[in-house]
Amino acid sequence: MKQYMTKTIKQVLWGLVFLAIPSSIFGQDGFFERHPISISIFTHSIGLPFRKVIQKPLNMGIAIGTEFNYSSNKSKTLHQGIQLGFYVHKHLSSSVYIKTEFISRVQNKAGLIGETSLAFGYIHNFKPTPVLKLSKEGTYKRAKDKGIGAIIYGASMGAGYNTKGDYKFGTSPFLKYNYLIETPYSRDFKSLPHSFLHLGSRIYSSDEN
Amino acid sequence: MKTKPFFTTGFLILFFLSSCHREATVAVYDTEPLHDKYNKSHPLADSIQVIIDNYVKKGMPGISVAIHTEADGLWLGTSGVAQIENNIPLTVNHSFHSASVAKTYMVTTAMTLVEEGILDLDKTISTYLPVEKYGTIPNYNSATIRNLIGHTSGIPDIIDNAKHITDYFNNLMADFDTEYYLDNIRKKKADFEPNERVSYSNTNTVLLALVMDEASGRKHEDLVSERIINKLNLKNTFYKNEEGYPAPKTLVNTYLDIKGNGELQNISKVQRNFDVISIAHDAMMASPHDYLQFIHALFNGKLISESSLAEMKKYTPFTVNEEGKKKHKVDYIGEAGGLASMRLTTGEVRFGHDGGSLGGANCVWYYPNHKAAIVISSNFGGFIGSANSDLLYNYVIGFEGTLFGELEQVVLGLEKKEKVEN
Chain A
1 MKQYMTKTIK QVLWGLVFLA IPSSIFGQDG FFERHPISIS IFTHSIGLPF RKVIQKPLNM
61 GIAIGTEFNY SSNKSKTLHQ GIQLGFYVHK HLSSSVYIKT EFISRVQNKA GLIGETSLAF
121 GYIHNFKPTP VLKLSKEGTY KRAKDKGIGA IIYGASMGAG YNTKGDYKFG TSPFLKYNYL
181 IETPYSRDFK SLPHSFLHLG SRIYSSDEN
Chain B
1 MKTKPFFTTG FLILFFLSSC HREATVAVYD TEPLHDKYNK SHPLADSIQV IIDNYVKKGM
61 PGISVAIHTE ADGLWLGTSG VAQIENNIPL TVNHSFHSAS VAKTYMVTTA MTLVEEGILD
121 LDKTISTYLP VEKYGTIPNY NSATIRNLIG HTSGIPDIID NAKHITDYFN NLMADFDTEY
181 YLDNIRKKKA DFEPNERVSY SNTNTVLLAL VMDEASGRKH EDLVSERIIN KLNLKNTFYK
241 NEEGYPAPKT LVNTYLDIKG NGELQNISKV QRNFDVISIA HDAMMASPHD YLQFIHALFN
301 GKLISESSLA EMKKYTPFTV NEEGKKKHKV DYIGEAGGLA SMRLTTGEVR FGHDGGSLGG
361 ANCVWYYPNH KAAIVISSNF GGFIGSANSD LLYNYVIGFE GTLFGELEQV VLGLEKKEKV
421 EN
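Chains as they are written, first to last, in our numbering: chain A, 1 to 209; chain B, 1 to 422.
Treat the hints loosely; a few may be bogus.
Here are the computed distance ranges between Cβ atoms for each label pair [what the hints assert, rightly or not]:
hint: 1; chain 1: B; residue 1: D175; chain 2: A; residue 2: T139; range: 31 to 37 Å
hint: 2; chain 1: A; residue 1: P173; chain 2: B; residue 2: E193; range: 52 to 58 Å
hint: 3; chain 1: B; residue 1: R186; chain 2: A; residue 2: P57; range: 51 to 57 Å
hint: 4; chain 1: B; residue 1: K58; chain 2: A; residue 2: A155; range: 49 to 55 Å
Calculated cross-link-like contacts (lysine-lysine; reagent style DSS-like; alpha-carbon spacing at most 30 Å) [stated by the list, open to error]:
hint: 5; chain 1: A; residue 1: K146; chain 2: B; residue 2: K123
hint: 6; chain 1: B; residue 1: K249; chain 2: A; residue 2: K190
hint: 7; chain 1: B; residue 1: K314; chain 2: A; residue 2: K141
hint: 8; chain 1: B; residue 1: K231; chain 2: B; residue 2: K219
hint: 9; chain 1: B; residue 1: K133; chain 2: A; residue 2: K52
hint: 10; chain 1: B; residue 1: K188; chain 2: B; residue 2: K123
hint: 11; chain 1: B; residue 1: K302; chain 2: B; residue 2: K314
hint: 12; chain 1: A; residue 1: K52; chain 2: B; residue 2: K188
According to the in silico footprint, chain B covers these stretches of chain A (three or more CB under 8 Å from chain B) [stated by the list, open to error]:
hint: 13; region: 46-52
hint: 14; region: 127-138
hint: 15; region: 152-160
hint: 16; region: 187-201
The hints are simulated quantities; they were obtained by calculation from the structure and are not laboratory data. Note that beta-carbon positions come from the ideal geometry of N, C-alpha and C, so glycine has one too.
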């Protein structure tokens, strides 16, 4: 299992590296042009799609990311995003993830935005309570929680608003529902479905334009 | 691009998460000995102790066993701990979560109502459960009480479905009630028509408890207390009514290997909450000696009549094909009335129940041919597959490589069976 996870982690990290290369090479209008910082807070839940997305107690998280623009058409755009997030699910795990997304976004003249995306990444879960491991003497001892990793993949849909209608500067608040499958999860449960509801904003910097 | 803050933040988060854990232990006590009148010089004592010590070294946190043979009487023994964190040794008085072993208690209680003419095994559940509240349960009009206790009702499982499992993982301290559980299967298609085949479903026992409530006009937990726990004077058995429930002083801390990678978590609070939100199919606690007294009493006419026991022993085989016979070396693995049953090709037969929950693992078996009983309880979560659950369970009688198989081999004096790959 450990060997398998190490292999999985390597595969995912290499995958993310390769996915990032096209962004840096083919992103038009210069290397770091049009890369807003995206910040969001989100609720996290386990469940079937759209089931109990917001519930008590809330499991909260925060995400930060950026994205690269693949097209110059202002009404229909294609982006690649990368996001780092973490959340605390009280009784299940504290988790950190990194994922990349391929985003298709449409915007009307009033600045209203709709988007869908496909995502792929890596999640690392830490247990909410102390970890106990069997020692060589045959007794359990408290051990450091190194966490355990898995692949995540899924899709999302969202809506937002571009405050200035100008794609080069400003803020763009958004609401986004993200559904991700984590695999492998455990020996009996091969996968675990996650729902994330993000509320955040993309912030476009004029400094680098 | 300012990448440094991005990755620095990431590393800080990782450091924070890896070192941030909530304490999860709950108090566990060793009380005044309840059961000290057992045969400490039982001829099998030493060999059994060696076996259970060995399995604790292999990774089971604590093991408690109760053995009864006609010739040598009762022996109780333990190995390991009731709580890992404070190294509290396990004693024979500690009680364990029943998991599905509770089902045998429910069916036994139902059979007492059958004997009194309050319940009729051949009546449908619609006879007892009002249509306004239960009419949308699949097979409501066709499944009988006999189907419920034999798992031949075709009613889908309230636990083993994606909606419930994900809901539960979403909030392990959820305050679900019976209505919530039943809502998960209402209006669903039945798995099959009643009597078509056998399929283990927790829903059957929950509905049986509700039927008992409606038919008797009393709470089923009152009946369980009256007709089993109090009748047998079981001081270390707890179900809803008993003092201290759901956290009696003798209850062990329990541990789960949720990822199946050998790392345990203390899951005691979650398991105790599960007992509160569940009825009938789980939610009991008892010491191995009390489990043994129950199964012994059941097979020796102290709880129900011979004909009622015969009804409970009627089985519907679910593993009868040649491949199954070869794999398990049994004639059949059957689901009977609140009892599972298995028979070796040599004629050995066992009746009883296994149980595995997030924080419990039990085997409670009786061997009519030998008039012997074996109970094994452990404080790890047998519901989720892990190295520990592999060490405990196996259907092969006398199987070398599982605790259950090795104990059975010694207690029944069986020949060793070769290791069989599952």
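- request: Check each numbered hint against the structure and report the violated ones by number, ascending.
  value: 3, 4, 5, 6, 7, 15
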